[in-house]
Structures are given as structure tokens and as C-alpha cells.
Amino acid sequence: MGATSHGHDHEHAHQAVPSDPALRVKALESLLTEKGLVDPRALDALVDAYENKIGPRNGARVVARAWVDPAYKQRLLTDATSAIAELGYGGMQGEHMLVVENTPTVHNVVVCTLCSCYPWAVLGLPPVWYKSAPYRSRVVIDPRGVLREFGLELGEEVEVRVWDSTAELRYLVLPERPAGTEKMTEDQLAALVTRDAMVGVAKVPSPKEATA
Amino acid sequence: MNGIHDMGGMHGLGPISYEQNEPVFHSPWESRVYAMSMAMGGWRKWSVDALRHQIELLPAADYLSLSYYEKWLAALGEISVRTGLVTRQEIESADPAPGSQKLTPPLTAEQVPGMLQAGDPASRNVAVAPRFQVGQRVRARNINPVGATRLPRYARGKLGTIDRDHGVYLFPDTHAHSLGEKPQHVYSVHFAARELWGEQASPRDAVYIDLWDDYLELA
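Residue numbers (the working numbering), protein chains in the order written: chain A, 1425 to 1636; chain B, 46 to 264.
Among the hints, a few may not be true.
[Said to hold, decoys possible] Sample of chain A residues at the chain B side, in silico, Cβ under 7 Å:
#1 D1463
#2 L1511
#3 G1512
#4 G1515
#5 L1549
#6 K1555
#7 Y1559
#8 I1565
#9 E1573
#10 E1583
#11 R1585
#12 W1587
#13 L1593
#14 T1605
#15 M1608
#16 E1610
[To be verified] Below, in silico cross-link-like pairs of lysine to aspartate or glutamate (EDC-like), each with a Cα-Cα straight-line distance of 20 Å or less:
#17 K1459/A x D140/B
#18 K1477/A x E67/B
#19 K1450/A x E155/B
#20 K1497/A x D1611/A
#21 K1497/A x E1510/A
#22 K1627/A x E1580/A
#23 K1627/A x E1581/A
#24 K1459/A x E135/B
#25 K1555/A x D107/B
#26 K90/B x E1453/A
#27 K1459/A x E137/B
#28 K1632/A x E1610/A
#29 K1450/A x E67/B
#30 K1627/A x E67/B
#31 K1555/A x E1573/A
#32 K1555/A x E64/B
#33 K1627/A x E137/B
#34 K1477/A x D1611/A
Everything labelled a hint here was simulated from the structure, so no lab data went into it.
Idealized CB from N, CA, C, for every residue including glycine.
Could you build all of it, start to finish, from the sequences and the hints given here?
Okay, structure coming up:
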């Protein structure tokens, strides 16, 4: 199928990467810069955005707001893209967001079995384990076993829902608010929320556990 | 294509290794590959679907042994050659071909925040009737295209229920090959874990998969 089918065998022969990617990347950047295909300052700005601005702290603010503001939580669960945009987040790999809520009886966990789709706009770039073959292959067939490896043991009464990000929808898990946080401010709550809890491979630790 | 990338449900791919306090990038070259891939997208010579498919075309052994950003690097080089932005000889020599004209990059540093904020929406505001309704029982079709598809093998032929209608999106199977957007509805389809994996799965659990109209038939 498709216009690119012919010539695959030829292309495959060229796709192996030499052993030192650092040198190859340096050479490629120099070529693309000399040809005027990329502006190195634009590359710097892209790297800076994901190293310093766009990361799981964004998602943590969304979660904390949902915990303290029931009306916001309702908007988040019905139109996540708009609700997340209220806090100033969105755009690249967060254009079409869905938020799924963990409860005492439902646990959600997110994967992309076909590649590594991930909600960049609220969580930043994905960690290596999320992109790895072991996680992608196993979490759909044995979610409880995978979660156990992450230290999360779920009872038989809990329904596990695995979300495979096969399309352009991007998923954020709204974790349960831990006990012992009733008096905490929104900022304090946001500081408790972890990336792993927003992917669904962990729960948010209670303040006691977090400092233990 | 029935490639190694389509690995949902496979066994034998090793333990999950977890790194505490993992950095965003593990070395500067990873960050440059990432940024070059984003910036080169600015030429609009390929879609994200085409770039994903380019990674899928890696030989299976390479796909499993290369790191994530090594795969991106290989795919970026291939797709840049295939679309004529560079020649293979230029990549190998790291020098522009003699007499080649210097272009003006489509993405400047000043444009980066706006580009990230805008994103690249895949939804399409066109009136296309949904073929299925929420609550309907559907079967994922048994198709085995050699090109791009987002219908994972583990779901093919399986029975599910339409859980929600996400609206109209472009269709990667055609879009990845520059064969048009073919906009159509995408649904979240609920598959009982036991329908996918048999008796070994928990009777309570489920996998939700986002699937296009063309992947589904009435059960």
C-alpha cells in the first residue's frame, strides 16, 4: 500500500546508524545549518523549552487545580483541552487532550504501544521507560503485573483501564488526592503530584510518604 | 505494516528499567536530534504520520537495538533525503553539494514559542457523518496493510464497544503516504481485557483504543 512502498529494500540498507551518534549529529547539524535548513538558535530555543519550561510541573498544576476546584474538575473531565488551556498549557502534543480520573474502584494507565505518544504539553517529553519496548509491549496484556513492578499493587475489586494512545488524543490521568492533604494549598498540592501518577503507574504519595 | 513497532501484547522484550530523576535528555546530541526533527518539520515536506512511519521502516533488529533518539536520527536522515531537502551524499560528506543555494530556515528562535503553542492539530472541522454511535458493538477489522496504520495487531478481529466519539480527524493510513487526509471519526473503543487476551486477563479490566471509522465494522 502507498506511494512509498517501492524502494524500501534499498532504503533499509542505508538506515543503520554508525556507532557514535554524537559525531553524526554534529555533522548533520552543521550540514543543515550550512544549507540554511535549520537555524541553530531555533534549535537552542526548542531544547530550552523542553528542558526548562514544558514538563510535568504543568500537569501537576492542572491536577492540583482539579483537586481544589470541583467546577474546574468537571470542565477538565468534559473538555480537557479547554480546561488545560485555562492554565496556559496546550499546543504541541497536547492539541487534543483527555483526562481520565482515578477513583478507589477505577485505575487508569496510559501507553502508546505503536510508538511513544505522550502529552508533551502537560508532562514534557516522555521518560525512557515509557518509550521502551518492555513497557509498551506488556502494559496492555499484563497491566497489573507492570504496575506491581512500579510498586503499585491493586486489589481485584479495582477495574484497570489501559489507554492505548493510537490516535492524536493525548491522555492525562487525574490521580486520587491523597489523605492528609485537606489543609494544603493548591501550590503545596501541585508539589506532591508526580509524573508517574499522571501516567498512571503510581499513586500520588501522601505528605507523610513523600517525606519518608 | 506488521512491524516490530506494533508490539502490544508481546512477551520477551525484557524487564522495564526505571531511572530515578531522569534528565530530559541524556546527552546534548539527543537534544539536537529532537530539535532538528522539530525544526525540519517546518519545511512541511512531511507530516508527523510520515515521520512515524519512517521510524517503523527501520529494520526490526535496528528498531530494538537503537535508542529512541538514534531512531529519530535515522528517520530524520532518511526522510530528509527522500523528500529532497538533502542528498545522501551531503549527509555522508557533511558538506553541502557544490553550488547549492543557501536557504532561509522556516523556523526562527523567535517563532518557537508560537509554534509550540499552536501545535499541529489533527482534527478537521468538516462535516463527516459518524458510521457508529456510542454504545454500539463493533469489531476491529482484520486488515494487514503494508503501509502505515494505527490499528494495532492485538485488536484486529476483536469485539469492542464504542465508548466515545472524539470527532473528525485526518486518517494516518493515507496521510502518512501523502494520499490525502480522508477525514473521518475517531472513537475510543472499549475492549474487555478477556476479549483481547483470554482467560488469563482480569474479568474487570479493559483496554481503550482510539480507532478510526475505516478500522471498524458493525459486530
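Hint check results:
Because the closest C-beta pair between D1463/A and chain B is about 4 Å apart, less than 7 Å, the hint holds. At about 13 Å, the closest approach between the beta carbon of L1511/A and any beta carbon in chain B exceeds 7 Å, and the interface hint on this residue is violated. Below 7 Å, beta-carbon pairs count as interface contacts, and G1512/A has none with chain B, the closest being about 9 Å; its hint is therefore violated. The restraint placing G1515/A at the interface with chain B holds, with a minimum CB-CB distance near 4 Å, inside the 7 Å limit.
Because the smallest distance between the Cβ of L1549/A and any Cβ of chain B comes to about 6 Å, under 7 Å, the interface hint for this residue holds. Nearest Cβ of chain B to the Cβ of K1555/A: about 5 Å, under the 7 Å cut. The hint holds. At its closest, the beta carbon of Y1559/A sits 5 Å from a beta carbon of chain B; the interface hint therefore holds under the 7 Å criterion. Because the smallest distance between the Cβ of I1565/A and any Cβ of chain B comes to about 4 Å, under 7 Å, the interface hint for this residue holds.
Given the 7 Å rule on beta carbons, the hint for E1573/A holds: about 6 Å separates it from the nearest Cβ of chain B. Among the interface hints, the one on E1583/A holds; its C-beta lies about 4 Å from the nearest C-beta in chain B, closer than the 7 Å criterion. Taken as an interface hint, R1585/A checks out: its beta carbon lies about 5 Å from the nearest beta carbon of chain B, inside 7 Å. With its C-beta approaching chain B no nearer than about 5 Å, W1587/A sits inside the 7 Å limit, and its interface hint holds.
Of the supplied interface hints, the one on L1593/A holds, with its beta-carbon coming within about 5 Å of a beta-carbon of chain B, less than 7 Å. Restraint check, T1605/A versus chain B: the minimum CB separation of about 23 Å is more than 7 Å; hint violated. The restraint placing M1608/A at the interface with chain B is violated, with a minimum CB-CB distance near 24 Å, outside the 7 Å limit. A least Cβ separation of about 24 Å between E1610/A and chain B goes past the 7 Å threshold, and the interface hint is therefore violated.
With a C-alpha separation of about 9 Å, the suggested pairing of K1459/A with D140/B holds against the 20 Å cut-off. For the given pair, K1477/A sits about 16 Å from E67/B by alpha-carbon distance, which is consistent with the 20 Å threshold. Only pairs whose Cα atoms come within 20 Å are accepted, and K1450/A paired with E155/B is rejected, the gap being roughly 23 Å. Taken as a hint, the K1497/A and D1611/A pair is honoured in the structure, with Cα atoms around 16 Å apart against an allowance of 20 Å.
For the hint pairing K1497/A with E1510/A, the CA-to-CA distance comes to about 12 Å; that is within 20 Å, so the pair holds. A hinted pair counts as satisfied when its Cα atoms are at most 20 Å apart, and K1627/A with E1580/A qualifies at roughly 17 Å. For the hint linking K1627/A to E1581/A, the alpha-carbon distance of about 17 Å falls within 20 Å, and the restraint holds. Between K1459/A and E135/B the alpha-carbon distance is near 10 Å, which keeps this suggested pair within the 20 Å criterion.
A distance of roughly 15 Å separates the Cα atoms of K1555/A and D107/B; the hinted pair therefore holds under the 20 Å criterion. Proximity of K90/B to E1453/A is assessed by CA-CA distance (about 18 Å); at most 20 Å being required, the pair is judged to hold. A distance of roughly 15 Å separates the Cα atoms of K1459/A and E137/B; the hinted pair therefore holds under the 20 Å criterion. A distance of roughly 17 Å separates the Cα atoms of K1632/A and E1610/A; the hinted pair therefore holds under the 20 Å criterion.
Taken as a hint, the K1450/A and E67/B pair is broken in the structure, with Cα atoms around 24 Å apart against an allowance of 20 Å. For the hint pairing K1627/A with E67/B, the CA-to-CA distance comes to about 19 Å; that is within 20 Å, so the pair holds. Using a Cα cut-off of 20 Å, the hinted pair K1555/A and E1573/A holds, with the two alpha carbons roughly 16 Å apart. For the suggested pair K1555/A and E64/B, the alpha carbons sit about 13 Å apart, so the restraint of at most 20 Å is met.
Restraint check for K1627/A and E137/B: not satisfied, since their Cα atoms lie roughly 48 Å apart, outside the 20 Å limit. Distance restraint check for K1477/A and D1611/A: the Cα-Cα separation of roughly 17 Å lies within the 20 Å cut-off, and the hinted pair is therefore satisfied.
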